[in-house]
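All chains should be modelled from the sequences, with the hints used to inform the complete structure.
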Amino acid sequence: MKIISDIQELRDHLRGQNRASFVPTMGNLHEGHLSLMRLARQHGDPVVASIFVNRLQFGPNEDFDSYPRTMQADIDKLEKEGVYILFAPTERDLYPQPQEYRVDPPQQLGDILEGEFRPGFFKGVCTVVLKLFSCVQPKVAVFGKKDYQQLMIIRQMAKQFALPVDIIPAETIRAEDGLALSSRNGYLSTAERAEAPALQRLLNEVRSQVLNLNERNVEALTTIEKNAVAQLAKRGWSPDYIAIRQQSDLAPTSNENLQAGEPLVILTAAKLGKTRLIDNLEI
Numbered sequence: 104m105k106i107i108s109d110i111q112e113l114r115d116h117l118r119g120q121n122r123a124s125f126v127p128t129m130g131n132l133h134e135g136h137l138s139l140m141r142l143a144r145q146h147g148d149p150v151v152a153s154i155f156v157n158r159l160q161f162g163p164n165e166d167f168d169s170y171p172r173t174m175q176a177d178i179d180k181l182e183k184e185g186v187y188i189l190f191a192p193t194e195r196d197l198y199p200q201p202q203e204y205r206v207d208p209p210q211q212l213g214d215i216l217e218g219e220f221r222p223g224f225f226k227g228v229c230t231v232v233l234k235l236f237s238c239v240q241p242k243v244a245v246f247g248k249k250d251y252q253q254l255m256i257i258r259q260m261a262k263q264f265a266l267p268v269d270i271i272p273a274e275t276i277r278a279e280d281g282l283a284l285s286s287r288n289g290y291l292s293t294a295e296r297a298e299a300p301a302l303q304r305l306l307n308e309v310r311s312q313v314l315n316l317n318e319r320n321v322e323a324l325t326t327i328e329k330n331a332v333a334q335l336a337k338r339g340w341s342p343d344y345i346a347i348r349q350q351s352d353l354a355p356t357s358n359e360n361l362q363a364g365e366p367l368v369i370l371t372a373a374k375l376g377k378t379r380l381i382d383n384l385e386i
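In terms of the numbering used here, the sequence shown opens at residue 104 and continues consecutively.
Quick list of in silico lysine-lysine cross-link-like pairs, DSBU-like style, CA-CA up to 30 Å:
#1 Lys249 - Lys226
#2 Lys234 - Lys262
#3 Lys249 - Lys234
#4 Lys248 - Lys234
#5 Lys105 - Lys234
#6 Lys242 - Lys180
#7 Lys234 - Lys183
#8 Lys262 - Lys249
#9 Lys183 - Lys249
#10 Lys249 - Lys377
#11 Lys377 - Lys226
#12 Lys183 - Lys242
#13 Lys248 - Lys262
#14 Lys249 - Lys329
#15 Lys180 - Lys249
#16 Lys337 - Lys249
#17 Lys105 - Lys242
#18 Lys377 - Lys329
#19 Lys248 - Lys105
#20 Lys248 - Lys183
#21 Lys242 - Lys262
#22 Lys226 - Lys374
#23 Lys180 - Lys248
#24 Lys180 - Lys377
#25 Lys248 - Lys374
#26 Lys234 - Lys180
#27 Lys374 - Lys249
#28 Lys377 - Lys337
Computed Cβ-Cβ distance ranges for the label pairs, DEER-style:
#29 Arg114 - Gln202: 13 to 23 Å
#30 Asn317 - Gln202: 46 to 56 Å
#31 Arg114 - Leu316: 46 to 56 Å
#32 Pro355 - Asp280: 27 to 37 Å
#33 Arg195 - Lys105: 12 to 22 Å
#34 Gln349 - Gln263: 13 to 23 Å
#35 Gln349 - Ser311: 15 to 25 Å
#36 Arg114 - Glu279: 33 to 43 Å
#37 Thr193 - Gln263: 24 to 34 Å
#38 Pro355 - Pro222: 14 to 24 Å
#39 Gly119 - Pro199: 24 to 34 Å
Worth flagging that the hints you see were computed from the coordinates, not collected in a lab. Because the structure is a prediction, the values reported are computed rather than measured. Positions of the beta carbon are idealized from the N, C-alpha and C atoms, including for glycine.
Now the structure itself:
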């Protein structure tokens, strides 16, 4: 595996490779990331991964400085997966000048849910992903469905900018007890780790409640959301949101769309102790 930090060197190595598949990460790799590498291999060749902890998507009180950085362990894992190039730029490599140009997603998608609780997050994500796409110039890029809203925003960005890259969604990888794999799971204490799978169990309960409604309407969905938030808070969590939204655009649904069978998704974010976890479940 070639480890490259310089953009021009990366382009030189990839010149003529018009079927490259790309997996952008922030490192601290786990089985969820590695599953993305395997899916990428099914859709293109060679496989290029990146590791870059992107300052632009962290808020002033978030964990940029303490975000886990495990480069050598990550390199070992990527080599075992047969990744061709690891693009691991420094901030000076990727942002040789202050990144004054930014990609701002539309408010109706970028300022809701995660965007409401992490202002500027998706602007930072879109900006770095667009720049990484420019560096790698892949045919396909793989993003996990655990970050459901992020996947949708990146997909729409690629479409609206007519980028020549196909966005491939990857299913969420979970531990045996149901907890969605995440680099931030390492922040959990032993007791918190034992409690954490309750988030996914609650999502399953919410899905069952929605599917078992005699009459599916907006009022009933709102009641289910409120009860789920209360249930999570009762267990000692600090919920940001539990929201039942349309899969197509993450907007609140209408009775008309519900009657037409609009596919739904449940999205949640909540703090357990100091650790903020996100998850989702499609209906």
